[in-house]
Amino acid sequence: MASETVLELRQVSKAFATHRAVADVSLVIPRGAFFSLLGPSGCGKTTILRMIAGFETPTSGEVWLNGECINALPPYRRNVNTVFQGYALFPHLTVQGNVEFGLVYKKGHKKGTDDINRVNEVLKQVRLEGKSSRRTSELSGGERQRVALARAIVLQPDVLLLDEPLSALDPQLRKQVRGELRDLQRRLGVTFLFVTHDQEEALSMSDQIAVMNAGLLEQVGTPREIYARPRSRFVADFLGEMNWIGGIGVRPEAVSITSQGQKALVTGVTYLGSFCRIEMKLESGDLLAAHAPPGIAFTTGQAVCFTWNREDEIHL
Amino acid sequence: MAVTMLAPLAIILVYSFLTRGAYGGVEAPSTIENYTRLWDPVYAAIILRSLWISAVATALCLILGFPLALFIARSGARKNLYLGLVILPFWTSFLIRTYAWMFILRDTGIVNSVLQSLGLIPEPLPLLYNNGAVILGLVYGFLPFMVLPLYATLERLDPSLLEAAADLGARPWDALVRVILPLCAPGIRAGAILTFVPCLGTYLTSDLLGGSKTVLIGNLVQNQFTASRDWPFGAALSLALMAIAIGLLFTVRRRGEELL
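Residue numbers (the working numbering), protein chains in the order written: chain A, -9 to 306; chain B, 970 to 1229.
I should point out that these hints are in silico values taken from the structure, not numbers from a laboratory.
Wrong hints could be hidden among the right ones.
Ranges of calculated distance between the beta carbons of each label pair, as one might list FRET restraints [said to hold, decoys possible]: (1) B:R1043 / A:S31: 21 to 29 Å; (2) A:D14 / B:R1047: 52 to 60 Å; (3) B:R1043 / A:T212: 42 to 50 Å; (4) B:V1011 / A:K100: 54 to 62 Å.
The beta carbon of each residue, even a glycine, is placed where N, CA and C say it ideally should be.
Pulled out of the complex, with its shape left as it was, chain B reads as follows (with noise of 0.2 Å):
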């Protein structure tokens, strides 16, 4: 088990100080440019564009995922029901659900012909291959990541202390505030590490849905295992967002506290 998880990464660890092979592949001697390279401005570029994008998309997520989960956590016997439905999606190919997200988004697709056969428009808004339809992607796919977690966390709320903080003087917004969001906090955490750190390193989503112009990390370490091929530099992408991932695996740990 140890050795079939860690044998990629090892590989990946070595070719990422090699030089790349002229048609593919890596070649000696050992090198450590494709580091340096990483702070070439066109690539750091890319990196912080996929970071903010994932933090967008992780604070939506949390914004959206968070009445969602109290209110699931508050629906009694229909919890499982409107559990299902949270991880229904899960049953379909993240590609097909992708794909569907650009027949609704594209000019010709359901909602700017629903728009402009209406005449609330004259021309299709640009809706597709852009950060915003990146974003949109994103929160669709990696939402249940966000509700789970917070929802086991409400879940194991005591309604009572509820009761105490009303009791106490504290409106149902101060209560939110002063008392479910502090003791959510471990759920919080841990549903924003899950969706943040998939959303860094997401791919489809962008290459679909943000066509050329939203160019994650994902895609460019994609592209130099595909048509760059440039191995080496890909492999030095794909640790460096490990380390991004990890770091904030680490900032976001509280003292004493399991990792997630």
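So that you can see chain A by itself, here it is in the shape it has in the complex (with noise of 0.2 Å):
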């Protein structure tokens, strides 16, 4: 992937009248990445999306959009679009009417047969086609989500802003989008910064993860990195879950229940299908999570002995 950069914030802060929402964030967005900005609800990761979207000023720092800083650039002069997380799809207007709103916008629009061939060819590739003349509450949640996105990809931004385009869909339906969202991103080359609280829609699709906590860059990685080598605890017990033995981290999944080894009683059995996890008591008395294959089967009182890979632990 090419390194140029598209989008950057240099140190950017937030104070609201109560409280701080972004502290001094610096990040750098290559061009043509899936990056996602990943935190609990309030660490500020949708603030961040609105200061680049326009809807908020920086309290202090910049915000550089293709080597320009666009701090004092209004919401309608930027080349950035947001799918919003209710969609904010305009009711009065059908879905043609939604997704050529911001054409007429666009340098050197010219009226014509063009906008209707853009629309087309947008409205096919979020699966659509035959849907134009629709009102938008005739639409699924996730018809809706599609049309969200057809508006915005229409304008071609530097960078699309999706805040959190996932959590109104039912699971189900989520776990497909993803996979479709990411195919879209890939096939278009269109930048994702894409604000979600769930660490395994982050997981599945970034390129790149920014972990945001209480206003604070945390880490930024690629998805391995994050979970591989977190570099602080919020980090390592944000995403999935991190056994803490004596100041060393390690995965319950990198925790095997051998023959010989540190000994420990089994606590606790949970069968979860494809894993069986295993909560243990050590003799330090520390408590210890595992995932054992589920053919094995353990129960509670049972003696067991562990051991894990010096690789695998985390040291902060």
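Join the two chains into one complex using the hints; note that each chain is given alone, in its own frame.
Next comes the structure, spelled out in structure tokens:
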């Protein structure tokens, strides 16, 4: 992937009357990347998105798009587009009306059949052909989400901002849409900045993830780096599960139950289909969780031994 | 309830088909002459004048009321204060408030005396007793009827739709025309009806501020029941007024939408 920067945040902070939402965040987003902002609700990730879109002004710091500081530009002059959390589709317009809404504001726009072709092209990309004359109220949740997507990508933004676009969908659909969204991003080559609180979403879709907590940037890296080499206790705990034994972190799936090694007593067994979650109490009194193959039947009170590989340890 | 509402209407309907009595009241035989008289150019002109004065007043109410309603809907915690101020004039009699306008507009009124004492005009401006004064009085009197329904729809407008419009490249003016106005259409229709219909039936404003020059349907009706003592014609006129109002109501109603 080209490492050319499309969007950059330079020490951006945002304070509201009662609290500090974003504190000194610097980010570099490469062109064409699927970049996720991950964190619990209230961590400042949506505020960052809104500062990039132009709905909020940073208290300090600068937002750079295509090598230009855009702090002073109003939302309608920034070449970024947003897929809103509730989609914010215009209820008085059809699918066609929604998707072509922004085309007239594009530079060099001419009235004519060009628009219709572009709208049709985009509707095909999001699998909404034949629905262009529908009212948005007649669409399903998944279709509404795709209209919101089409309305934004038809404008060919430098960065597409997505604010928890899957949270309004039912869980079954959500997993399917993840793959579709990832494919669409690859095909279009548009930079996606994806805000989510769902670690599984972020891990499965992103090229890079920035983890945020309480307005601060905790860590930026590939999904693999973030998960396997967390640099803070927050990141380690927020993504997946982590055992902490004497200051050393180890993931449950890295712990194997063996015939020899350290001794422990099984205190709980949860069968989860593809694996079995075993809770153990060590001689030191520490608690440890492990994922064991589902085929072996452990029972509470059973004495077991366990071990893990040195390279799976996380030292902070 | 229904009886008390409908009985006076029924009486008016019956009267409108009878002949005038010598000293007021009504007599047999029944006739449709009261309705054919409505087409007399003298009366048709008055009806047309009423229509256009009401239309102008309604349009002005919309032009003034829309920004005001938008401002109130956007003013957060102060909303209730501003709404209270809009409704405040209703706490005094409309008659008194209309008289107050006479004191402002007449030749020796506030406006003219200030302008004259500043030496800006040699003679008092003819501010009172014309169509303009009537329209001013109507706009003043019925502006709240426009502002309240507009406010109700603007207040419900999802702010993220405006962010979406800006995000897609629309400047504030474009967002107003392409998003806010279409979504406020029900409020605009309701406000227009609530303003236009009472304007059409007004007689007080035109009587006090319009003088003898600006006779509207309302004055004509009032006149038939008082000076002219022609109750049947007055009844026919007021039913015609009602028919116009109801006709308009159905015209501006969108299919499948509730009246008002």
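Between V1011 (chain B) and K100 (chain A), is the Cβ distance one that fits in 54 to 62 Å?
holds (56 Å)
Take the C-beta atom of R1043 (chain B) and the C-beta atom of T212 (chain A), compute their distance, and say whether it sits inside 42 to 50 Å.
holds (44 Å)
D14 (chain A) versus R1047 (chain B) beta-carbon gap, inside 52 to 60 Å or not:
The hinted range 52 to 60 Å is violated for D14 (chain A) and R1047 (chain B), with Cβ atoms some 35 Å apart.
Go ahead and decide if the range 21 to 29 Å is satisfied by the Cβ distance of R1043 (chain B) to S31 (chain A).
Cβ of R1043 (chain B) to Cβ of S31 (chain A): about 27 Å, so the range 21 to 29 Å holds.
When held up to the earlier numbered hints, the structure conflicts with hint 2 and nothing else.
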